[in-house]
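> Going line by line, the protein sequences match chains L and B. Note that this note's numbering gives residue 1255 to position 117 of the first sequence, counting from 1, and the numbers run on in steps of one. Note that this note's numbering gives residue 94 to position 90 of the second sequence, counting from 1, and the numbers run on in steps of one.
Take these hints with a grain of salt, some might be off.
Cut-off 35 angstroms, straight-line C-alpha distance, at most; resulting in silico cross-link-like pairs (DSBU-like, lysine-lysine) [to be verified]:
| # | chain 1 | residue 1 | chain 2 | residue 2 |
| --- | --- | --- | --- | --- |
| 1 | L | LYS1160 | B | LYS42 |
| 2 | L | LYS1711 | L | LYS1683 |
| 3 | L | LYS1654 | L | LYS1676 |
| 4 | B | LYS42 | B | LYS194 |
| 5 | L | LYS1683 | B | LYS42 |
| 6 | B | LYS194 | L | LYS1676 |
| 7 | B | LYS42 | L | LYS1676 |
| 8 | L | LYS1711 | L | LYS1160 |
| 9 | L | LYS1676 | L | LYS1711 |
| 10 | L | LYS1676 | L | LYS1160 |
| 11 | L | LYS1676 | L | LYS1579 |
| 12 | L | LYS1579 | L | LYS1654 |
| 13 | L | LYS1654 | L | LYS1160 |
| 14 | L | LYS1676 | L | LYS1652 |
| 15 | L | LYS1579 | L | LYS1160 |
| 16 | B | LYS148 | L | LYS1683 |
| 17 | B | LYS194 | L | LYS1160 |
| 18 | L | LYS1683 | L | LYS1579 |
Among chain L residues calculated to face chain B with C-beta under 10 angstroms, some are [as the list claims (entries may be wrong)]:
| # | residue |
| --- | --- |
| 19 | LEU1321 |
| 20 | PHE1362 |
| 21 | ALA1364 |
| 22 | SER1396 |
| 23 | PHE1406 |
| 24 | GLY1408 |
| 25 | LEU1594 |
| 26 | VAL1687 |
Since the hints were made in silico from the structure, they are not lab data. None of these values were measured; they are calculated from a predicted model. All residues carry an ideal CB built from backbone N, CA and C; glycine is no exception.
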Amino acid sequence: MAYVAIADRDHHLHDPDTFITKYIWSQDHKVIAIQYGVVAIGVGLIALALSLLMRLQIGFPDLFSFMTPYNYYQYVTTHGMIMVIYLLTALFLGGFGNYLIPLMCGARDMVFPYMNMLSFWVYLLSVIVLIASFFVPGGATGAGWTLYPPQAILDGTPGSDWGIVLMLVSLAIFIVAFTMGGLNYVTTVLQARCRGMTLMRMPLSVWGIFVATILGLLAFPALFVAAIMMTLDRMIGTSFFMPALLALGETTDTTGGSPILFQHLFWFFGHPEVYIVALPAFGIVSDLLSTHARKNIFGYRMMVWAIVAIGALSFVVWAHHMYVSGMNPYFGFFFATTTLIIAVPTAIKVYNWVLTLWRGDIHLNLPMLWATGFIFTFIHGGLTGLFLGNVTVDLPLSDTYFVIGHFHMVMGVSPVMVLFGAIYHWFPKITGRMPNDVLGKIHFWMTFLGTYAIYLPMHYLGILGMPRRYYDYGQTDFIPDSALGVNQGITIAAIVVATAQLIFLFNVALSLWKGKRADSNPWRATTLEWQTPDTPPKHGNWGPKLPEVHRWAYDYSVPGDEADFIPQNHPIKPGEESLRVAGASRK
Amino acid sequence: MAQEGMNPAADALPPEGWRGIVDDWATDKQAFHVPWGKAMMWIFLLSDTFIFTTFLTGYMNVRMSTAVEWPNPSEVFALSIFGQPIPLILIAIMTFVLITSSGTMALAVNYGYRRDRYRAAALMFVTAAFGAIFVGMQAFEWTKLIEEGVRPWANPMGASQFGASFFKITGFHGLHVSAGVVYLAVGALKVLRGDYERRGGNYEIVEITGLYWHFVDLVWVFIFAFFYLW
Ligand code: HEM
Ligand SMILES: [Cu+2]
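Chain L extracted, bound-state conformation (with noise of 0.2 angstroms):
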């Protein structure tokens, strides 16, 4: 077929050759990769920013006179926004995502590589008209990261002119930019591979970023339309969520709207999101248990299926989160039963890391702490989801300090546990150089340490009732005094979290100006992307010739072999045994 043939064909890419097509208006995936990375790590900082504004105003309340309620819920919002969304969306599929795809695959590039390029430049648009939210009259939305109406449109909501019409508007970007990326990841995986790579050789991370991307696509629609709609509401007065309302005094002229859609929208996008930043985490930490155990990962086919379970049914428990929104009993018993069910896929991989690990011939370096301290922090967060998920445990624990301290364990530590394990592993093929490790192990203690220092006491807070997005906590009867100086404890351990952050950024910066040159597989490891020719790889990726592949993602230690690892692209040798191979059982 005429397509393969230019797959195959050396030249079939201009290549580019002057600054500019080269490393700003680039096509090539593996720029696109960096350009998201950096966008998306650089906005992640003005997210951890906001956090600790927020974090010093609860722990030290009359620090900041600059510091308003209303600032405060722009900081909630825009920090929550920030992360979910601008960070980990952005930075596991536009950055991860495009940067394995095509090398793990042993593809040249993806299969339109111009598109991708736009999808980065309508990424940056969006970022833009975020930040710019920041700078308008009436300043950013402060309704909370789940933008519920009516408040998030109504006089008295921080940002109700300006910042949540810029809000909704980003995303819609976002979603635009996304899905231009999206398309190319899922086709690339679907129809792109190398010979030899079947689906069922693929390695784990490409299987966890293909699902992510297929639930970003059915899923950021809800989100679109959800946009759209408040959009109007907001500007041109319709009531699609808005009822007959009685605000500040005065009656609104809407009438007839249902608030509840809204939710019903929002989370039908919401949490499958958790999934778009889960299941990437997961396909790449078990690639970094596997490689750094130097054993086969426990369980292939079983963690394939289980990321394609969580992905389906992540579409089925949205409801969750809807609670104490008022619902039908029966429907509060469908969400909870799925989402107990849900547990189930993600506790065989779970299980499967820790059977990995078994008996393996640990090296404790860089990315697998950070792998090993995802699953600490995973199992932490997964456990209290188990609380959450039942309605009656929830009605009193949603909205508190519980449910803060459950999401941020779950979905906002654990990916970048595996975020930044990913970047120490992949980061001597992406810039030539090795990470500084006394820096890195420095900078993974202090975070994985500090994240229980923040959030295990924000459990008790939750239990105390202390509840969440508040700016104050003033006088109480039923929290205690003492409750004050947790929250203090919390805000010096964030500070201390924060600070390793910059020792992150150091350590990058150094290592690209005088890190130990790496060679081409400095892990040896057996995916694709090590066996490239050149390290950084080339324009195009494989010279001349594109690979072959032979074998699983997973030939560690391979009794009998003199190496403990053979990569995928090496030929059965005569006398293997077949079970092995697999995908080649068929044969």
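We have chain L already, so just place chain B with the ligands on it with the hints.
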């Protein structure tokens, strides 16, 4: 063709039933034996289906939850012809036009397969023209409703969500049709100019455009059913 991109075991007979389907999907290189552009269009349309489904469920939800009565569509969408109000006549014509355009599109795809570029281009232009007529009639319908006082935020005949949903959904669909008209026209020009002759006479672009166009028509059928007939 067949020896490219197949799994190494392609010379063996493919297994039957589910096993065969699974094997087919899991082959190396390609899960579906279609061009990249076509695969991508399918995935895009799947995503777009979710957009329209959400629009329609959102609309049904507000229609059921609103406190004010919903206007009767067959009265609202009636046209007076010779003093006789005929319910849904304009929509019927619009639907007919759009479905006819699907027919001409299918013919264009057929001629594309045969590499008859003049006929294919001509039929694409005809399809685009039908699309433009559809959009024109929609503009007429919007004008009529606006003259009768229907607005996205208010509606003299009942629930304000009627106007809001109507303008939003038909507007979003109309944008899709308009985009399709441009897409078809540009595609037809390129076909006519012989751009694809130079690429080895590969006219799959006609088929990809066709996929999009049929999708837009299909969505209209649902809008028609849920908005006008309910
Ligand atoms: C050092 C790291 C972090 C700290 C100190 C931190 C701190 C906070 C604080 C203080 C709040 C507001 C609590 C309230 O008043 O209700 C918050 C909310 C939130 N955070 Fe973080 N956070 C961190 C990292 C993250 C990450 C990585 C994510 C990614 C998922 C995240 C997602 C959110 C979300 C979604 C909210 C809810 C916003 C809302 O209520 O609308 N955070 N965080
Ligand atoms: Cu959820």
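> Which constraints among the numbered hints does this structure fail? Numbers only, ascending.
8, 16, 18, 24 and 25
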